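A.B. asks: Residue 116 in this note's numbering sits at position 116 of the sequence shown; the count goes up by one each step and never skips.
Since the hints were made in silico from the structure, they are not lab data.
Please read these numbers as outputs of a predicted model, since none were measured by experiment.
There could be a bad hint or two in this list.
[As the list claims (entries may be wrong)] No more than 16 Å apart at the CA atoms, straight line, and that leaves these computed lysine to aspartate or glutamate pairs for EDC-like:
{"id": "1", "residue 1": "K43", "residue 2": "E112"}
{"id": "2", "residue 1": "K40", "residue 2": "D14"}
{"id": "3", "residue 1": "K69", "residue 2": "D10"}
{"id": "4", "residue 1": "K4", "residue 2": "D77"}
{"id": "5", "residue 1": "K4", "residue 2": "E41"}
{"id": "6", "residue 1": "K4", "residue 2": "E112"}
{"id": "7", "residue 1": "K40", "residue 2": "E72"}
[To be verified] Label-pair distances were calculated between CB atoms; the ranges are:
{"id": "8", "residue 1": "D10", "residue 2": "V102", "range": "20 to 28 Å"}
{"id": "9", "residue 1": "Q65", "residue 2": "K4", "range": "19 to 27 Å"}
{"id": "10", "residue 1": "F110", "residue 2": "D88", "range": "43 to 51 Å"}
{"id": "11", "residue 1": "P108", "residue 2": "E27", "range": "20 to 28 Å"}
{"id": "12", "residue 1": "L60", "residue 2": "S86", "range": "14 to 22 Å"}
The beta carbon of each residue, even a glycine, is placed where N, CA and C say it ideally should be.
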Amino acid sequence: MATKYTIGLDYGTDSVRSLIVNTSTGEELATSVFYYPHWKEGKYWDPSKNRFRQHPSDYLDGLEQTLIKSLEMVSDDVIANIVSISVDTTGSTPVAVNHEGVPLSLTPEFAENPNAM
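Let's have the full structure, built from the sequences with the hints guiding it.
C.D. replies: Written as C-alpha cells, this is what we have:
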C-alpha cells in the first residue's frame, strides 16, 4: 500500500503557508510561505483602530504560489499519493461577494475600496 500524504494550508494575518506531510509518520516533506503583498503595503490594516483586512487576491495568489513551490519540492510519487487538503485560518475571514460569488474587491468598481475587503 502506497504511503499517503496531505497538504496543509494555513492562512494567517500576513501570510499563507503550505505544508506537505506524510499522513502515517507526520514527517514534513515540503513547506512554503507567501507574504501578502497588500499587507506589506499597509493598505488595509490599521492597528490603532484594531482593523486588520486582507485582500482576496492575496489569498488566491498565496494559494497558487505556496502550492506550486511545495509541490516542486517533492517527487511525482508523493504528488500522486496526496489524498487531502486541510485549510486553517486565523479567526473569521468574511468576504463580501456579489451575486456570482466574486469578492467585491476583485471587481473594478470596488478594487480600491477597503470596505469591500
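A.B. asks: Any hints this thing doesn't respect? Which numbers, in order?
C.D. replies: 5, 6, 7, 10 and 11
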